[in-house]
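Novice: Okay, here's what each chain looks like letter by letter:
There are 4 protein chains.
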Amino acid sequence: MKDINLSGIAAELERFASERDWGQFHSPKNLAMALSGEAGELLEIFQWLTTAESEQEALSEEQFGFVEEELADILIYAIRIADRLGIDLADGIDRKIATNAKKYPIEEAKGNATKYNKRKK
Amino acid sequence: MKDINLSGIAAELERFASERDWGQFHSPKNLAMALSGEAGELLEIFQWLTTAESEQEALSEEQFGFVEEELADILIYAIRIADRLGIDLADGIDRKIATNAKKYPIEEAKGNATKYNKRKK
Amino acid sequence: MKDINLSGIAAELERFASERDWGQFHSPKNLAMALSGEAGELLEIFQWLTTAESEQEALSEEQFGFVEEELADILIYAIRIADRLGIDLADGIDRKIATNAKKYPIEEAKGNATKYNKRKK
Amino acid sequence: MKDINLSGIAAELERFASERDWGQFHSPKNLAMALSGEAGELLEIFQWLTTAESEQEALSEEQFGFVEEELADILIYAIRIADRLGIDLADGIDRKIATNAKKYPIEEAKGNATKYNKRKK
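Chains as they are written, first to last, in my numbering: chain A, -16 to 104; chain B, -16 to 104; chain C, -16 to 104; chain D, -16 to 104.
Among the hints, erroneous ones may be present.
Since the list gives no way to pick one copy over another, a pair counts as held whenever it fits inside one copy or between any two copies.
Claimed, not checked - Mimicking EDC-like on lysine to aspartate or glutamate, the simulated pairs with C-alpha atoms at most 16 Å apart in a straight line are:
no. : residue 1 : residue 2
1   : Lys79     : Glu51
2   : Lys93     : Glu(-3)
3   : Lys93     : Glu2
4   : Lys79     : Glu(-5)
5   : Lys93     : Asp4
6   : Lys85     : Glu2
Derived by calculation from the structure, the hints in this document are not laboratory data.
Input sequences plus hints: build the corresponding full structure.
Specialist: What follows is the structure, encoded as structure tokens:
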């Protein structure tokens, strides 16, 4: 996978919105709704498939296209929210991976995806 | 915003899952559910705020932290799905921006965010 | 609003699925994805509207129709999940309202919709 | 399953909100976000389970309790939106079931849950 040039894309999205006078619609609240709507469309691709049918070797060309498109929509809205709020996504991801490493120590988590706060103490 | 080193993060997530024997849980179907669950948590931050209260100058430090965390979760699952399916996210975003430019010509779209398929012809 | 005859609708949905041999797709996991996808479509109706524009007096006939349809889809999937799992929705709602009354005492909650677990102690 | 007394519950929810001065937060837009957030929590219960593990005979008592609670939350918000907008949910469900019967004729739909608009013509 190629790197994502986040500041370049963020600037492009800002210009796109600004040319269309869409800044008024793009509050973080509204963008979060739009992102979640796209996540719902991603679900619709997979909802009646078995987990095996959702894997790379089983999806059709058409399904790949749908997934690529929904992931792109989700990322576009995530970048737009981050840009509107001055959040650095790369830092956020690094921090989150570090947190997860602490929350899910290898020995305890092995073969067990139970969420942290639902694991028995 | 700094660039996101997608292949580096994808490899880190793969190692993280593999050390915990979590590959069995990480079908694209299941990852799409997890992404959508995180999108739901993003909504919860904003649901009772006005659009003005969701803007950068109005959010509290704590709310910023929540948003950063949920966006990171969403991106992590998006990168993981793309990695499992061999999808290039940067290409997908470029293609989507090009599609959107055609779907929403500046003159027609000005000040009007009505979805393409709901606009009157 | 008229009552909902839950056992009648549940039986109708079961017959509908069974005639189409859809029982195989209707695991609670898959139905939860479908419900969430419909919730995403509900969001799409409202995402670029202000809160005022989402109120009864401001929605167009067409928008009312969309909302009615998405709410129906959501309820249909909720009833179907409950039926597959032997859950009584009326009891669940009663229990939840009682829980909420305890979680949000009138004096503390007045004019403040902050979620229980995010309120300062 | 017992019937749901919709007008009774709607009135109870209205009184609950009104006692807490929450009417200001309960625009249909905000309630749709809250409903979708609860749908996300429903997903989280099922996301790492296989479809078989999500069935009635496989869920734990604790998981049943979580599902009951999330379904109740979803219904409560759906009823609240319907009440705020003057939508009759029972009529909506009837209409939707009739539409689905036309969209998915038994012969064509047998064993095939592909969404109407994605079926080959």
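Novice: Under the constraints set out in the numbered hints, which ones does this structure not fulfil?
Specialist: none
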